[in-house]
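Protein chains: 2
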Amino acid sequence: MSAASASSLLILQPGLKLNHFLKPLLVSLSQPSSSSSLLVNPARRFFVTKPPLLPAISRKHSSIVSAQSPSDNDRGSGGRSGALAPPPLVEDLQKIDVNPPKGTRDFPPEEMRLRNWLFHNFREVSRLFGFEEVDFPVLESEALFVRKAGEEIRDQLYCFEDRGNRRVALRPELTPSLARLVIQKGKSLSLPLKWFAVGQCWRYERMTRGRRREHYQWNMDIIGVPEVTAEAELISSIITFFKRIGITASDVGFKVSSRKVLQEVLMRYSVPEELFGKVCIIIDKIEKIPVDDIKKELKSAGVSAEAIEQLMQVLSIKSLTELEEILGGTGNAVADLKQLFSLADKFGYSEWIQFDASIVRGLAYYTGIVFEGFDREGKLRAICGGGRYDRLLSTFGGDDIPACGFGFGDAVIVELLKEKGLLPELSLQVENIVCALDPDLQGAAATVATILRGKGQSVDLVLENKPLKWVFKRAARINANRLILVGISEWQKGMVGVKILSSGEQHEIKLEQL
Amino acid sequence: MSAASASSLLILQPGLKLNHFLKPLLVSLSQPSSSSSLLVNPARRFFVTKPPLLPAISRKHSSIVSAQSPSDNDRGSGGRSGALAPPPLVEDLQKIDVNPPKGTRDFPPEEMRLRNWLFHNFREVSRLFGFEEVDFPVLESEALFVRKAGEEIRDQLYCFEDRGNRRVALRPELTPSLARLVIQKGKSLSLPLKWFAVGQCWRYERMTRGRRREHYQWNMDIIGVPEVTAEAELISSIITFFKRIGITASDVGFKVSSRKVLQEVLMRYSVPEELFGKVCIIIDKIEKIPVDDIKKELKSAGVSAEAIEQLMQVLSIKSLTELEEILGGTGNAVADLKQLFSLADKFGYSEWIQFDASIVRGLAYYTGIVFEGFDREGKLRAICGGGRYDRLLSTFGGDDIPACGFGFGDAVIVELLKEKGLLPELSLQVENIVCALDPDLQGAAATVATILRGKGQSVDLVLENKPLKWVFKRAARINANRLILVGISEWQKGMVGVKILSSGEQHEIKLEQL
Numbered sequence: 244m245s246a247a248s249a250s251s252l253l254i255l256q257p258g259l260k261l262n263h264f265l266k267p268l269l270v271s272l273s274q275p276s277s278s279s280s281l282l283v284n285p286a287r288r289f290f291v292t293k294p295p296l297l298p299a300i301s302r303k304h305s306s307i308v309s310a311q312s313p314s315d316n317d318r319g320s321g322g323r324s325g326a327l328a329p330p331p332l333v334e335d336l337q338k339i340d341v342n343p344p345k346g347t348r349d350f351p352p353e354e355m356r357l358r359n360w361l362f363h364n365f366r367e368v369s370r371l372f373g374f375e376e377v378d379f380p381v382l383e384s385e386a387l388f389v390r391k392a393g394e395e396i397r398d399q400l401y402c403f404e405d406r407g408n409r410r411v412a413l414r415p416e417l418t419p420s421l422a423r424l425v426i427q428k429g430k431s432l433s434l435p436l437k438w439f440a441v442g443q444c445w446r447y448e449r450m451t452r453g454r455r456r457e458h459y460q461w462n463m464d465i466i467g468v469p470e471v472t473a474e475a476e477l478i479s480s481i482i483t484f485f486k487r488i489g490i491t492a493s494d495v496g497f498k499v500s501s502r503k504v505l506q507e508v509l510m511r512y513s514v515p516e517e518l519f520g521k522v523c524i525i526i527d528k529i530e531k532i533p534v535d536d537i538k539k540e541l542k543s544a545g546v547s548a549e550a551i552e553q554l555m556q557v558l559s560i561k562s563l564t565e566l567e568e569i570l571g572g573t574g575n576a577v578a579d580l581k582q583l584f585s586l587a588d589k590f591g592y593s594e595w596i597q598f599d600a601s602i603v604r605g606l607a608y609y610t611g612i613v614f615e616g617f618d619r620e621g622k623l624r625a626i627c628g629g630g631r632y633d634r635l636l637s638t639f640g641g642d643d644i645p646a647c648g649f650g651f652g653d654a655v656i657v658e659l660l661k662e663k664g665l666l667p668e669l670s671l672q673v674e675n676i677v678c679a680l681d682p683d684l685q686g687a688a689a690t691v692a693t694i695l696r697g698k699g700q701s702v703d704l705v706l707e708n709k710p711l712k713w714v715f716k717r718a719a720r721i722n723a724n725r726l727i728l729v730g731i732s733e734w735q736k737g738m739v740g741v742k743i744l745s746s747g748e749q750h751e752i753k754l755e756q757l
Numbered sequence: 244m245s246a247a248s249a250s251s252l253l254i255l256q257p258g259l260k261l262n263h264f265l266k267p268l269l270v271s272l273s274q275p276s277s278s279s280s281l282l283v284n285p286a287r288r289f290f291v292t293k294p295p296l297l298p299a300i301s302r303k304h305s306s307i308v309s310a311q312s313p314s315d316n317d318r319g320s321g322g323r324s325g326a327l328a329p330p331p332l333v334e335d336l337q338k339i340d341v342n343p344p345k346g347t348r349d350f351p352p353e354e355m356r357l358r359n360w361l362f363h364n365f366r367e368v369s370r371l372f373g374f375e376e377v378d379f380p381v382l383e384s385e386a387l388f389v390r391k392a393g394e395e396i397r398d399q400l401y402c403f404e405d406r407g408n409r410r411v412a413l414r415p416e417l418t419p420s421l422a423r424l425v426i427q428k429g430k431s432l433s434l435p436l437k438w439f440a441v442g443q444c445w446r447y448e449r450m451t452r453g454r455r456r457e458h459y460q461w462n463m464d465i466i467g468v469p470e471v472t473a474e475a476e477l478i479s480s481i482i483t484f485f486k487r488i489g490i491t492a493s494d495v496g497f498k499v500s501s502r503k504v505l506q507e508v509l510m511r512y513s514v515p516e517e518l519f520g521k522v523c524i525i526i527d528k529i530e531k532i533p534v535d536d537i538k539k540e541l542k543s544a545g546v547s548a549e550a551i552e553q554l555m556q557v558l559s560i561k562s563l564t565e566l567e568e569i570l571g572g573t574g575n576a577v578a579d580l581k582q583l584f585s586l587a588d589k590f591g592y593s594e595w596i597q598f599d600a601s602i603v604r605g606l607a608y609y610t611g612i613v614f615e616g617f618d619r620e621g622k623l624r625a626i627c628g629g630g631r632y633d634r635l636l637s638t639f640g641g642d643d644i645p646a647c648g649f650g651f652g653d654a655v656i657v658e659l660l661k662e663k664g665l666l667p668e669l670s671l672q673v674e675n676i677v678c679a680l681d682p683d684l685q686g687a688a689a690t691v692a693t694i695l696r697g698k699g700q701s702v703d704l705v706l707e708n709k710p711l712k713w714v715f716k717r718a719a720r721i722n723a724n725r726l727i728l729v730g731i732s733e734w735q736k737g738m739v740g741v742k743i744l745s746s747g748e749q750h751e752i753k754l755e756q757l
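Line order of the protein sequences matches chains A and B. When we follow my numbering, the leftmost residue of the first sequence carries the number 244, and every step to the right adds one. When we follow my numbering, the leftmost residue of the second sequence carries the number 244, and every step to the right adds one.
One chain only, chain A, in its complex shape (with noise of 0.2 Å):
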């Protein structure tokens, strides 16, 4: 039996300890050693067609600053001479921080794959309701972002000086840019628009309980629709999300207000109009402090002690029937609710959504109907939030549309699918790993994979010269559903061997068949 043929027969036996050719250069399979040597670990290279590479420039480190101390680049570097030079001593390298920096994320490949999943979702909702996907920089001008009205996305603004010292900020979020973008494009735009996007957003905060300084939000909005069919669709697109991912209305439910039953309130007892900015986002806090505190806010704001009084009754009304006897028949606020719970019926979502006074979400801009998803266990922050904010534009200069929109977080979500046991399994699956059964075969298999990417078929190659036992436990992680095997007896007939993992079952193909 020749070698060629040999190295074929491996196919069949996937724990065979691999032919005399390179069964010398066996070594551990294991994975990088903790060793403190700079050096490429030569433990990790079956078939060495060469010596390690040893570079001259093995001290090249030490012309790239180290973390912690740049001054320390400098000393004891010495040593001029054209052979290998040693290692540098560990001692003389300042270790960085490997972790991402405080409240940031990395996204290694299965966390990747789950906000790839996450996005997808995002983008396939947003396509069926028929919206365009739009972005904006994630560094904005901070003067779009600073509003008076004590909103706690103010005070955490991730702001800085630029060097050409301007005062710029990490968007904490996207609706002031879009609003920004529809000022700008002004008289070229076809109302309305339905936009979405999938943006970072920052935020400076203490760090505690978890939450981090980034995250991820899906945005949709619908610019130039006065009617309440705009915030019934917006809420539906989310409801559409949640089912998608398995999420029931037995899990997850909407709490739905309107500012104007505020402001109702508000003009009833004569409150300034520009404090309602302020006096939504202090009543905004209401589960998060006690009663008392907002009281005594409300009462520093200026708002007077029957005023407050009436505003607690009404915000703790969860029925429509009750707020309408409250309010009377003439204001929006109950008008522009019932037409929601009126649509919510036809949209098929009833059941998802209630009507709570309490609501008023910590946006200055909010002007209308305003919504919030929540867990209906009780144990996580609002899902995601939004509502109708039709002065926005005029903040900013511009002419005001009529808008609305919603801002979902990557952060809760995923919390709750692991509460519910919903998170997807989702692992890397690669159709294909191709691999040289000789070094001179590198080529070939390389010929062979570039057939089988350009037939659309994904492509594992195996770029060193590896023992069959790791390449079928390579193949078993990354869920191949084939291995190909490239060897010389084969190849020299325009074939190759194809093992199909899933069944065992395998024979010789021709190059042209694959």
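Among the clues, some could well be false.
Which copy is meant is left open, so a pair is good if it fits within one copy or across any two.
Result set (SDA-like, lysine to any residue): computed pairs, CA atoms no more than 20 Å apart in a straight line [claimed, not checked]: (1) 581 - 683; (2) 430 - 716; (3) 338 - 741; (4) 338 - 426; (5) 538 - 400.
Because the hints were derived from the structure by calculation, they are not lab data.
Since the structure of chain A is already known, use the hints to place chain B on it.
For chain B alone, coordinates are given in the frame of chain A:
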């Protein structure tokens, strides 16, 4: 003829001037006026079911500080009243800059479609090659990017001090973050890693020649393979990308060299190894500044005149044979390059690549093969570039692992596609547009939209009562296949009117059959 059947007849006559029901309310179809009114512009509503909403909080804007002048916010609000307040004077407002910050971009829908198309191709190619997607924070510790070799990228670091007095930077590139993550994950990783990322990178550059301060970069990296097969695989993936988007070997080529070429020359003249990164960075400017200036810089870096002459001679070499004659057969430089060109043949991309000793790339950390994609007409900057960086991890205090990768920006490629007339035509496409012919049927239209979306079809639901002329115009704008009209007479029969917009074909369809 009843009003209901009249409305359902509208489907037959797109140009029709509307039924008597809508006609009285038909107003201008024009875009938002440039009026300075801060109120919702009623000219955009064609059927007003209630009076325009003029909430009492029409001064709410004054609680939102304007951009440039927060102090303006407090002046002259005055008027307290329960009645509708007049819109504030435009003079009270400070307009914000509606452009994105200098050097950054908005992505309105048409730009976003192009970006998504590009990223989709990046991702598809990465998938074909069995790579897994990863990402890192756009904001990293400044220390991660601080190297002393005089790189352009270092001079242009977009860095700040955050509120906690930490030095942070918007990442100028992705590789240091990848290295950080690899060190952090340590032994839990199965080598080789094949990772890709598509992320935004920033540089704070003087704004000349229309260069931007941010761009997106596609990176593919192979960690754990010391063989040149890895570089060959990376170049193959970029060429696969070019082919997918219609770019050929007569449009684009790759110049390839190895840093080991310079290294072998420097060794010969006993140039200290710690100068290597710096020398590379100086030489990288060879096409940008006069050769004499390069020589001066090399001299002041401490390279001898003799060595400089030899370097200059070697850098002009465009043939591997000639290189071998000069360097001799002992070093790795020639062997690596020969192997790469041999593999290129097997991968099938020989016509794309050429040896060019002047290629060194502008990043200090490369140690072996370096390559650069260029347009053959020579009009544009490098399209992409990459190389081997076997020593990067130790500069961060980790154990080195052999690695190589490339970066491919989203700017130059778009320029090239424009030059070649290869920019794709990407338009919004929504499968259905659903419209109620009567305001009372808005809920019914919502039901129809929900049914279609439940079947995976995209729907633009017309959220207001609009004249049919408007609806047809919108249908054309969104490239709808079908217009679905919900009219009273059909609805009473459980049916809707469906018009295939490409053929003009139309019929009534039962809801269940949609």
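Verification of the hints:
no. : hint      : result
1   : 581 - 683 : between (76 Å within a copy, 14 Å between copies)
2   : 430 - 716 : between (60 Å within a copy, 16 Å between copies)
3   : 338 - 741 : neither (46 Å within a copy, 67 Å between copies)
4   : 338 - 426 : between (48 Å within a copy, 10 Å between copies)
5   : 538 - 400 : neither (27 Å within a copy, 48 Å between copies)
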